[in-house]
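Please construct the entire structure, taking both the sequences and the accompanying hints into account.
These protein sequence lines are chains A and B, in that order. With our numbering, letter number 57 in the first sequence gets 57, and the count goes up by one each step, no holes. With our numbering, letter number 502 in the second sequence gets 502, and the count goes up by one each step, no holes.
Since the hints were made in silico from the structure, they are not lab data. The structure displayed is predicted, hence computed values, not measured ones. Fair warning: there could be bad hints in the mix.
Stated by the list, open to error - Taking lysine to any residue and the SDA-like style, the derived pairs with C-alpha atoms no more than 20 Å apart in a straight line are:
hint, chain 1, residue 1, chain 2, residue 2
1, B, Lys-162, B, Gly-14
2, A, Lys-123, A, Glu-85
3, A, Lys-47, B, Asn-459
4, B, Lys-267, B, Glu-278
5, A, Lys-137, B, Lys-112
6, A, Lys-137, B, Gln-111
7, B, Lys-129, A, Asp-105
8, B, Lys-275, B, Thr-246
9, A, Lys-52, B, Thr-457
10, A, Lys-137, B, Thr-460
11, A, Lys-47, B, Asn-442
12, A, Lys-119, B, Ile-126
13, B, Lys-112, A, Thr-114
14, B, Lys-205, B, Pro-312
15, A, Lys-52, B, Tyr-444
16, B, Lys-112, A, Glu-148
17, A, Lys-137, B, Gln-463
18, A, Lys-137, B, Asn-442
Stated by the list, open to error - Partial selection, computed: residues in chain B whose CB lies under 10 Å from chain A:
hint, residue
19, Glu-46
20, Gly-107
21, Tyr-109
22, Tyr-110
23, Arg-120
24, Ile-126
25, His-128
26, Glu-297
27, Met-455
28, Thr-457
29, Asn-459
Cβ coordinates follow ideal geometry from the N, Cα and C atoms, glycine included.
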Amino acid sequence: MICSCGKRQVSTWGDLSSLVMVVAEAPLFDDVKNGVAFSGNYGEALKTEMGKVGIQASGCRMLTMYKHVYDEECLFDHENTTLKELMGAKLILMLGSYCLSTYADCTLSEYSGTIVRSKFLRKSIVVAGPSIAAIGKTPLGELRLALELFAEQRRVLK
Amino acid sequence: MKIINEVPTDIKKGQMVSLDCEFYGQTLEKLHRPHGTFACISIAVEGREDTYQLYDTHDLKKLFLSMGKGLWVGHNMLYDLRQLMKFVEIKPRYVHDTMLVDQSMFGGYYQKFSLADLVRRYEGEIMHKEVRSEFSDATEMTPEMKEYAAGDATHTLNIALKQREQHQDALGFSAYSDIDEKMIWPILDMQGTLIDVGAWTKAVKGFEDKAQELQDELGFNVNSAAQVLSSLKKAGIHLINTKAETLLEYADRPIVRQILETRMYRKAASTYGMKWLEKNVEADGKVYSSWHITGAETGRMSSSNPNLQNIPSRKMPIFRTFFVASTGNIFIVDDVHQQEPCILAYESKDKILTEAIFKGEDLHLTVAREIFNDPAMKKEDDRRAVGKTINLGTSYGLSAVGAAKRLNIPLEEAERFIQQYFNRFSGVFSWISQMRQQAYNNGYVKTSAGRRIYMNTYNTQWQNNAINAPIQGGAADFTKMWKRKIWEKCREQGLPYTICLIVHDELGSDTPRAMVKDMNHLRKEAFDETATTLFKGIPMSSEFEMGKSWACKSVKEDTEDEEETA
Chain A
1 MICSCGKRQV STWGDLSSLV MVVAEAPLFD DVKNGVAFSG NYGEALKTEM GKVGIQASGC
61 RMLTMYKHVY DEECLFDHEN TTLKELMGAK LILMLGSYCL STYADCTLSE YSGTIVRSKF
121 LRKSIVVAGP SIAAIGKTPL GELRLALELF AEQRRVLK
Chain B
1 MKIINEVPTD IKKGQMVSLD CEFYGQTLEK LHRPHGTFAC ISIAVEGRED TYQLYDTHDL
61 KKLFLSMGKG LWVGHNMLYD LRQLMKFVEI KPRYVHDTML VDQSMFGGYY QKFSLADLVR
121 RYEGEIMHKE VRSEFSDATE MTPEMKEYAA GDATHTLNIA LKQREQHQDA LGFSAYSDID
181 EKMIWPILDM QGTLIDVGAW TKAVKGFEDK AQELQDELGF NVNSAAQVLS SLKKAGIHLI
241 NTKAETLLEY ADRPIVRQIL ETRMYRKAAS TYGMKWLEKN VEADGKVYSS WHITGAETGR
301 MSSSNPNLQN IPSRKMPIFR TFFVASTGNI FIVDDVHQQE PCILAYESKD KILTEAIFKG
361 EDLHLTVARE IFNDPAMKKE DDRRAVGKTI NLGTSYGLSA VGAAKRLNIP LEEAERFIQQ
421 YFNRFSGVFS WISQMRQQAY NNGYVKTSAG RRIYMNTYNT QWQNNAINAP IQGGAADFTK
481 MWKRKIWEKC REQGLPYTIC LIVHDELGSD TPRAMVKDMN HLRKEAFDET ATTLFKGIPM
541 SSEFEMGKSW ACKSVKEDTE DEEETA
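Next up, the structure:
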């Protein structure tokens, strides 16, 4: 799909009907190249880590807040489109500080690995976690902490 | 939770008691130095719902007597103990430091270890620290400040209880109980280092003048990328940027050398200029750094405000001459000899490497001899440089590409050298494979003292880190244990504890002349005991130098004096 700015957008990955969602900030280099969110190395790493806590990534709806690389021109449109996609979700793993500040008005450093409140997503349980872009660069503890909480909430939902 | 304004009583043996003190008027950069006005101490006791809070320093003596049997708990206890020792005598004892426990247990797994981080991770709660900033300007406590202070003590106790439950019996806990916790008291007793401010100031002025003189000769501003690129272009050197590593590739050209030299003097004058002195040298003429027991994920110590581990040692050794011994004292510097190869030999059990260490051989030469299959190779042989690069590089997972670049040789040749190295040092090769396998399977590697260092296997460097971490971590464990033993022996023998610097495998001390002999004996004894405990069977040794300053023999001016001293 082509964005109004002319750039190619990445498509959402996984089970598009799932009410359990994973939202990251923006597609990474390989995702853009492949045209699919979470299809690059770090996306695959996230899927592996999700598997370790018993969550099949393919059973979740996995999307990015921005649908292509950063472009100020259409940021706001993307934020709104993604919010519409997220509405109705029962459980959301929200990855990265931009996502958290945009949708839950909180900082990653203070809230990572906890459940946060979002005034836009009142009916959803939102778990905060670190950016997918940090997977290969920073220690894995915070991501795993968030994933464990996400998995626990999913079990409760079931 | 109720706040009770009295000293807690009836503390049982081993009962956890958490302490947290607050001060008015403290500055963030100087938290490692006792300053500010006492605001309160909050105490939470295991099994009790209420929190105790005292506002008068006269109550402290009674408090510490009352808590005598308990297990003291705190978050970053170096801070609390240092501040409290200004008011009351506190004798060394085993303590449970929640920050240090997590740093020791989760090196490489988590990055941040503040109380708020631990509360979030252990309790799933968010700590809002806005009230904390009020202490800097306040002179009395509001109800919110009292509640905030009490909350810190309560959270710390809750975390300690969870840590005890979850980790105390875990194998990795020994890194805390045997190594890191034992560093708390020696750090608290560490001295500052005297600075020769006059000589420092003169040198900085000299650097400024020298930089200006060199720049005038060049005729352009060395810090302007555009000017540097254009001048180099005129000299026939076409570069894409002016970063040091790019320039270094052309260091054989006089103009490039002069640019690098000018920048070096300019950087020295700005980084270690008058501002450095004004900010860091205290009224007694000494600098007191903030030493962090586990400053890195491998367990290595670090230093800040100021960072004394960054004081140049090779490029500008003159700075070390400004860290001087006090009047009547001698500066002693101990350096572990070939520490990393020794640890590699211990870990890998490689026969050739171990044998070479036992024989006291020059290890770089040994490696070169093995690689080139030339047992008669002399130390002066140029091929020793290959041995040195490969020997040092092994513990960092040096690749053929890296070796080729460093040695400026074709890739195929570098591949052959590395292959030959592993053929000859097969124990090292097996150990490297084992470490990588362990890191991949378990998510962590361990040092000989049992410290776990977690790996991120999605990081492109993880295979190198898996080799380097047990060696660097082992070296860090060694330095800490050695330092602790020196401290213990000083106390036993009634000698002053004179260590004032720790830079990785190097210890610096400002020792009274009359005690040099005793101190040397004591340090040697402590060193041997540490080596036997951590790396049994490997004959480790330390090189020690004495002089007027930290530089000891590395700067000519000191040599004569040291010879006299010796």
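Hint check:
Of the supplied pair hints, the one linking B/Lys-162 and B/Gly-14 holds, its CA atoms being roughly 15 Å apart against a limit of 20 Å. A C-alpha spacing of about 14 Å is found between A/Lys-123 and A/Glu-85, which places the hinted pair at or below 20 Å, so the restraint holds. In summary, the hint linking A/Lys-47 to B/Asn-459 is supported, as the alpha carbons are separated by about 16 Å, within the 20 Å threshold. This hinted pair checks out: B/Lys-267 and B/Glu-278 have alpha carbons roughly 17 Å apart, not beyond 20 Å.
At roughly 14 Å between alpha-carbon atoms, A/Lys-137 and B/Lys-112 fall within 20 Å of each other, so this suggested pair holds. Proposed proximity of A/Lys-137 and B/Gln-111 is supported: the alpha carbons are some 11 Å apart, at most 20 Å. Between B/Lys-129 and A/Asp-105, the direct Cα distance comes to roughly 17 Å. Compliance with the 20 Å bound is thereby established for this hinted pair. Of the supplied pair hints, the one linking B/Lys-275 and B/Thr-246 is violated, its CA atoms being roughly 30 Å apart against a limit of 20 Å.
Between A/Lys-52 and B/Thr-457 the alpha-carbon distance is near 14 Å, which keeps this suggested pair within the 20 Å criterion. Distance hint between A/Lys-137 and B/Thr-460 is fulfilled; the C-alpha atoms sit about 9 Å from each other, no more than 20 Å. A threshold of 20 Å between alpha carbons decides the hint, and for A/Lys-47 with B/Asn-442 the separation of about 19 Å falls inside it, so the pair holds. In summary, the hint linking A/Lys-119 to B/Ile-126 is supported, as the alpha carbons are separated by about 18 Å, within the 20 Å threshold.
The hinted pair formed by B/Lys-112 and A/Thr-114 meets the criterion: a straight-line CA distance of about 16 Å does not exceed 20 Å. Between B/Lys-205 and B/Pro-312 the CA atoms are separated by roughly 17 Å; this keeps the pair inside 20 Å, and the hint holds. Between A/Lys-52 and B/Tyr-444, the direct Cα distance comes to roughly 16 Å. Compliance with the 20 Å bound is thereby established for this hinted pair. A C-alpha spacing of about 19 Å is found between B/Lys-112 and A/Glu-148, which places the hinted pair at or below 20 Å, so the restraint holds.
Restraint check for A/Lys-137 and B/Gln-463: satisfied, since their Cα atoms lie roughly 14 Å apart, inside the 20 Å limit. For the hint linking A/Lys-137 to B/Asn-442, the alpha-carbon distance of about 19 Å falls within 20 Å, and the restraint holds. The interface hint given for B/Glu-46 is broken, as the beta carbon of that residue sits about 26 Å from the closest beta carbon of chain A, more than 10 Å. A least Cβ separation of about 9 Å between B/Gly-107 and chain A falls short of the 10 Å threshold, and the interface hint therefore holds.
Interface restraint check for B/Tyr-109: the shortest CB-CB distance to chain A comes to about 4 Å, inside 10 Å, so the restraint holds. For B/Tyr-110, the suggested interface contact is upheld, since its CB lies about 4 Å from the closest CB of chain A, less than 10 Å. Taking 10 Å as the C-beta cut-off, the interface hint given for B/Arg-120 holds, the closest approach to chain A being about 6 Å. Given the 10 Å rule on beta carbons, the hint for B/Ile-126 holds: about 6 Å separates it from the nearest Cβ of chain A.
The beta carbon of B/His-128 comes within 8 Å of a beta carbon in chain A, closer than 10 Å, and the hint placing it at the interface holds. Hint status for B/Glu-297: holds, given a least beta-carbon distance of 7 Å to chain A, under 10 Å. A least Cβ separation of about 9 Å between B/Met-455 and chain A falls short of the 10 Å threshold, and the interface hint therefore holds. For B/Thr-457, the interface hint holds, since its Cβ comes within 10 Å of a Cβ in chain A; the closest pair sits about 8 Å apart.
Taking 10 Å as the C-beta contact cut-off toward chain A, the hint placing B/Asn-459 at the interface holds, the least distance being around 5 Å.
In the structure shown, a violation is registered for the earlier hints numbered 8, 19, in ascending order.
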